[in-house]
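Peer 1: The chain contents come next:
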Amino acid sequence: MTARSAVTDAPATTPSTGARTGGHVVRTAMIMGLPFSIHLRPAVRAQDILTDEMIDEAVQQVWESLRESDRIFSTYRADSDISRINRGELAVADADPSVTEVLELAGLASRITSGAFDVRATGILDPSGIVKAWAASRADTALRALGCDYYLNAGGDVLLRSRSVGRPWRIGIEHPHDPAGLLAVVQASTGAVATSGRSHRGGHIHDPRTGRPATGVTQASVVGPSLVWADILATAVVADGTRGLDRGQWPPGHQVLIVTDNGEVLGTQGFRDQLAPDLPALRFSTID
Amino acid sequence: MKRIALAAISTLAALVALFSYPTSTGQSGSVVAQAVSSAKILTQPGTTSAPTTGQGPDPAGGSTSTGSSSGGSGQQPSSGSRPASPSPSPSSNAAPGTQDSTTSQRATTGSVTVDGAAEMTNYGAVQVRVVITNGAITDVIAVDYPQQDRTDQEINSQAIPMLRNQALSAQSAKIDGVSGATFTTEGYIASLQSALDAAGFGK
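Chains as they are written, first to last, in this note's numbering: chain A, 1 to 288; chain S, 1 to 203.
Some hints could be false.
[What the hints assert, rightly or not] Partial pick of chain S residues on the chain A-facing surface, computed with a CB cut under 8 Å: (1) Gly110; (2) Lys174; (3) Thr185.
[To be verified] Now the stretches of chain A that chain S is said to cover, found in silico as 3 or more residues with beta-carbon under 8 Å: (4) 25-37; (5) 149-158; (6) 162-171; (7) 189-196.
These are computed hints drawn from the structure, not numbers from a lab.
All residues carry an ideal CB built from backbone N, CA and C; glycine is no exception.
Next comes chain A alone, as it looks inside the complex (with noise of 0.2 Å):
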């Protein structure tokens, strides 16, 4: 979830040239030591349209946005304005302007998780959680300005954009015991995948009410119209266990597939219905 290196600002894994297999165009780059990647389908007429100078500009306004967030909100970085805050140094009121967003925005995520996702768990403050779903849904405008299909994997979390009519995304969920395996496969036009978990690392996060790693789930994906709130979700309800599940607070239109520490499947059914329909169907329990 949150980034780990202390500076990993690295060069693109991918050379900036890019691969364009097919018409597709994929961009990857490792900032606030996650990998990004983008990856570009135009339609068949943009494609004439749509040069590597133009899709090379509004990948590099990508990574620079996320570059930028990163230097706010790193608490890895002794300069960002996050640390400086945490050091009593620099005001709130006088930090860069997102910031007060990405707190306004913390606060109701607090709200609405009844305090499972807290930027404040650990005695500092510590956006990390929010702030990968919240850069990559800013820097994604200039992906929009090109007029394709597009989507912007965050970290494993995922924001997509499909105006080609019948051309759905395909998402596959990563399987909580093997990075290289599938637990589904959603399917999705506009919106967002995001899942949280425990899987890689043991306990990486923590009830904030309790101070102890969250039990009971492994991994919550949760797919929505927006990557903010998918991320925020997903990520309380693998703080919260099965508590985390009553959503009655949810924004509309998120729904969840979680599988707890026992080996089950849960899902509601909005969550079933965006399963991609030519595959083997998941087996698992249907929640309200």
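Based on these hints, arrange chain S on the given structure of chain A.
Peer 2: For chain S alone, coordinates are given in the frame of chain A:
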């Protein structure tokens, strides 16, 4: 425990699945290779990883290396203190390829059945059989898994079919991307998303 069992099943499948992705771009090789070599750790008897890695970037090598590499990694039922039932595959749709024939066969076409090594877990032995047809996984069967007591049976009755579904879909799902919990730098190297990114696309 069961986690290991699940990992063994799906990793064996993922190993093959990774190679069925088109690797048409030149720079894709390294990432795909890394993903596979980390998968190998879970699969355990990884003697054939070197030739496998070499074939990765070869655009035509996909199905060929799939057949041979999986055959290789599945050959040695060496691990596990419990003798891995060395039974020839009685699976109905499994073609003639029993263990003996698979050993010497470099299968590029037709159907091949490969039994993975039996992995000893705290709850008993786990062994997986993979059926590969024309270089693609067509079935994954748990031929041996813990079922001593009721708890195990409950777990397995859910987990085994579930895993079987996902193992099949990973190579045929035509996914554009993957949503995962911890795509940190090192996790990403081993992830399916890195293979998708490197290959250009899944379809």
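Peer 1: None of the hints should be skipped; say for each whether it holds.
Peer 2: Tested hints:
1. This hint is violated: S:Gly110 has a C-beta 24 Å from the nearest C-beta of chain A, more than the 8 Å allowed.
2. Checking S:Lys174 against chain A by beta carbon gives a least distance of about 6 Å; that is within 8 Å, so the hint holds.
3. For S:Thr185, the interface hint holds, since its Cβ comes within 8 Å of a Cβ in chain A; the closest pair sits about 6 Å apart.
4. Here's how the region 25-37 of chain A fares: 7 of its residues keep a CB closer than 8 Å to some CB of chain S, so the rule of at least three is met and the hint holds.
5. A count of 6 residues in the region 149-158 of chain A with a Cβ less than 8 Å from any Cβ of chain S is obtained; the coverage claim is therefore met, three being the minimum.
6. Counting residues of the region 162-171 of chain A whose beta-carbon sits less than 8 Å from any beta-carbon of chain S gives 3, enough to reach three: the coverage restraint holds.
7. Against chain S, the region 189-196 of chain A contributes 4 residues with a C-beta closer than 8 Å to a partner C-beta. That satisfies the three-residue criterion, and the hint holds.
Against the hints set out earlier in the document, a violation occurs for number 1 only.
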